[in-house]
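Visitor: Numbering (our numbering), first residue to last: 1 to 150.
Hints in this document: simulated from the structure, not taken from any laboratory.
Please read all numbers here as calculations on a predicted model, not as lab measurements.
Be a bit skeptical, because a hint or two may be false.
[As the list claims (entries may be wrong)] Here are the simulated distance ranges between beta carbons:
{"id": "1", "residue 1": "E135", "residue 2": "E16", "range": "13 to 23 Å"}
{"id": "2", "residue 1": "A126", "residue 2": "S55", "range": "28 to 38 Å"}
{"id": "3", "residue 1": "D97", "residue 2": "S49", "range": "21 to 31 Å"}
{"id": "4", "residue 1": "T2", "residue 2": "S92", "range": "30 to 40 Å"}
{"id": "5", "residue 1": "T78", "residue 2": "E54", "range": "20 to 30 Å"}
{"id": "6", "residue 1": "T139", "residue 2": "M12", "range": "13 to 23 Å"}
{"id": "7", "residue 1": "Q50", "residue 2": "E75", "range": "35 to 45 Å"}
{"id": "8", "residue 1": "P123", "residue 2": "P52", "range": "29 to 39 Å"}
{"id": "9", "residue 1": "P8", "residue 2": "T78", "range": "20 to 30 Å"}
The C-beta atom is built at its ideal place from N, Cα and C for all residues, glycine as well.
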Amino acid sequence: MTYTLTVPVTWMLVREDAAGLRFQEAMASATAIDPNDDQAYIGGVTILSQCPNESTADNMYACVLPNHSTVRAVEAVTSAAGKGRVYMLEHSYPVGDQRRWWAQHALIPVDRYIFDVWIQVRPETADLPVNVLTEMLNTFQFTESRNLTP
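Use the sequences and the hints to build the structure in full.
Guide: The following block contains the structure:
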């Protein structure tokens, strides 16, 4: 499976793994990044497995939302790869850590996966999705490839 999308020229790829990509602003400080701390990244793409036997669309989306997050707004969205939803989330950390950050997550079901295309935003953000996320979704393409064996 292959996917493509356009990200701002000021973003640099700083983490890549089987589940997806994470970007950081090129102008960000050169401090060490905790690879498990999404707050350290400006945005990314994560490939999630759809939850099995989910009876409604609401349940399908709810089961893949990031842990330690509160939904502040939701809106339907159409991308080049299909229809989905954009969630404005307030992220928090486990009990005892008071840090908060906000992100918009566009969840796009494709085949048996859900693509989570996300970007950090400010808490007072009114647009859903923000312009950068809209551009990413407008250019998001999915191609399924199959390995054929003789």
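Visitor: Each hint should be assessed against the structure and marked as holding or not.
Guide: Hints, one by one, checked against the model:
Taking 13 to 23 Å as the suggested C-beta distance range, the pair E135 and E16 conforms, at roughly 21 Å. Taking the beta carbon of each, A126 and S55 are about 33 Å apart, inside 28 to 38 Å as hinted. In this structure, D97 and S49 meet the distance hint of 21 to 31 Å, their C-beta atoms being roughly 28 Å apart. A beta carbon spacing of about 34 Å between T2 and S92 agrees with the range 30 to 40 Å that was offered as a hint.
About 21 Å separates the C-beta atoms of T78 and E54, a value consistent with the hinted range of 20 to 30 Å. Distance hint check: the CB atoms of T139 and M12 are about 18 Å apart, consistent with the given range 13 to 23 Å. Checked against the hint of 35 to 45 Å, the C-beta distance between Q50 and E75 comes to roughly 20 Å, which is inconsistent with it. Checked against the given bound of 29 to 39 Å, the beta carbons of P123 and P52, roughly 34 Å apart, stay inside it.
As the Cβ distance of P8 to T78 is approximately 21 Å, the hint placing it in 20 to 30 Å holds.
Consistency note: the structure conflicts with earlier hint 7 alone.
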